[in-house]
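Peer 1: Take a look at the letters that make up each chain.
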Amino acid sequence: MTVVITGLGTVSPAGVGTDGYWDAVSEGRSLIAPIPDFDTDGFHVRLCGKVPGFDPHQHIEGRYVVQTDAFSWFAMVAADEALRDSGLDTGTDPYATGVLICSCAGGVEFGQHEIAALWSGGPDHVGPYQSIAWFYAASTGQISIRNGLKGMCGVLVTDEPGMLDALGQSEGALRRGTSAMLVGGSEAPLGSPFSLACQAGADVLSAGDDPSSAYLPFTERASGYVPAEGAAVAVAEDAATARARGARIRAVVAGHASTFGGVGAFDPGGAGLLHAARGAMDRAGIGPDDVDVVFADAVGTPKADADEAAMLRELFPGGVPVTAPKAGFGRAYAGAGALDVAAAVLSLEHQVIPPTPQVSDAPCGLDLVVRVPRVAPLRTALVLSRGLGGGNSAVVLRHPDHA
Amino acid sequence: MSNHITIEELVELMSTCAGVRTDVGTAVTSTFEDLGVDSLGVLGVVSVIERRLGRKLGADAEAVPSPAALVALVNDGAPVSTERV
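Those sequence lines, one after another, are chains A and B.
Take 2 as the starting number for the first sequence in this note's numbering and just add one per residue.
Take 7 as the starting number for the second sequence in this note's numbering and just add one per residue.
It cannot be assumed that every hint is accurate.
[Claimed, not checked] Straight-line Cα separation of at most 20 Å, DMTMM-like style, residue types lysine to aspartate or glutamate; simulated pairs:
{"id": "1", "chain 1": "A", "residue 1": "Lys304", "chain 2": "A", "residue 2": "Glu172"}
{"id": "2", "chain 1": "A", "residue 1": "Lys304", "chain 2": "A", "residue 2": "Asp402"}
{"id": "3", "chain 1": "B", "residue 1": "Lys62", "chain 2": "A", "residue 2": "Asp125"}
{"id": "4", "chain 1": "A", "residue 1": "Lys151", "chain 2": "B", "residue 2": "Asp44"}
{"id": "5", "chain 1": "A", "residue 1": "Lys151", "chain 2": "A", "residue 2": "Asp90"}
{"id": "6", "chain 1": "A", "residue 1": "Lys151", "chain 2": "A", "residue 2": "Glu221"}
It should be emphasised that the hints constitute simulated quantities derived from the structure, not laboratory data.
Treat the numbers as computed from the prediction; the structure is a model and nothing was measured.
Starting from the given sequences, assemble the full structure and let the hints guide the process.
Peer 2: Dropping the structure here:
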């Protein structure tokens with residue numbers, strides 16, 4: 002079996018839609034701005050990558066809007082675009098299509114509203130949808146219900162590597178008889194003080210208040226990352242199934258591997274991420290010389306960056322172009338790996354490596370693509386991701402003409 | 007405080023609590039299921055009505071099948087019909 006991506010959808014700090022996301026990413030546009038929805042006094046974080054002007058009622062029926070948190074809105078909208086893009090017929094056999102959307106924090110903003118109702122009004126002021134809206138599996142469930150998708154469904158509760166692992170797991174679901182999997186990651190961690198407080202304790206967020214310098218991964222001025230929100234969803238199918246229905250194959254998922262360090266830090270030393278990258282490349286049957294671009298994890302703390310840079314130098318002794326588009330908008334937790342996968346697919350399609358925004362020089366001995374997009378023949382991309390809880394994942398994506 | 011609700015108020019509550027917009031004419035001839043108000047949506051509507059009235063409607067209130075039956079239960083204490091309208 003060869004897993005391929007036949008549809009993509011994104012909701013990102015560039016707005017709703019994959020075309021706009023690629024425009025912003027390929028230009029290296031900065032989308033970082035002050036946290037707009039509440040007073041950040043008392044927090045050491047000021048900036049974020051927010052989905053601009055998002056009105057769920059423009060995209061989703063009211064009865065789904067009232068019972069879901071923003072992280073599920075983003076996932077539903079990204080899933081709509083991915084389904085449209087894939088041209089998949091989900092109506093004939095509802096059991097043919099499954100859903101697996103990753104979440105790191107669940108519906109924290111929704112939960113804060115209901116906790117406020119509990120404390121100010123009492124238990125009978127808490128709405129019944131609190132029972133489902135906060136839950137990590139809410140996005141998967143609502144996409145399944147709203148689109149009538151009854152194939153294998155699940156959720157991975159993960160930090161940023163979720164989407165990479167979902168692509169890896171989709172192979173098992175496709176082998177077991179589901180014809181297509183909607184896989185993705187979605188996060189909305191910026192809408193309330195509670196959600197920000199959940200992130201602030203880890204001491205990895207940037208305290209900067211200048212959008213042009215707050216998130217500078219791989220540089221001497223790296224001081225943490227800017228939190229972001231967003232989602233990306235892909236339609237994954239077996240290549241033979243996709244070809245048989247005449248689908249456009251956007252990328253081949255050639256290999257995936259993950260490791261777990263089990264520590265509350267981004268893979269100290271880099272050995273876990275290195276092992277995951279080697280595993281994904283082995284499964285893809287490729288060596289270092291076959292990789293044309295790496296989408297780096299790019300945490301933006303000096304230690305995590307140094308570990309990733311050292312790991313990349315070890316894995317690619319001959320060098321490799323590296324980029325981190327997320328430096329333009331921040332890290333969206335379970336949405337981050339998903340948006341990176343989307344960027345990698347688009348990069349392969351356009352034969353363009355997007356630059357690492359804000360970063361002006363290539364440091365740390367890396368061939369970091371900076372300032373301007375780099376046109377290059379691209380057959381194979383390696384996407385790397387680490388989670389704060391110790392999960393590390395890598396996925397190899399290949400251009401369909403070169404897989 | 008009013009001891010009654012009107013169908014108009016219930017139409018408004020279905021919008022705010024369950025995100026379902028409808029009109030009075032449709033509401034009086036439909037079940038909650040027809041309208042797309044799920045069981046948690048009915049629970050939310052009942053909860054708000056109970057707060058407004060300052061009295062509990064009883065466990066059966068959450069099982070009423072339709073807006074018309076819920077209005078009847080609130081205003082007349084009508085026994086809940088499980089038949090579809």
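Peer 1: Now tell me, hint by hint, if it's right for this structure.
Peer 2: Evaluation of the provided hints:
no.: 1; hint: A:Lys304 <-> A:Glu172; result: violated (34 Å)
no.: 2; hint: A:Lys304 <-> A:Asp402; result: violated (38 Å)
no.: 3; hint: B:Lys62 <-> A:Asp125; result: holds (11 Å)
no.: 4; hint: A:Lys151 <-> B:Asp44; result: holds (19 Å)
no.: 5; hint: A:Lys151 <-> A:Asp90; result: holds (13 Å)
no.: 6; hint: A:Lys151 <-> A:Glu221; result: violated (50 Å)
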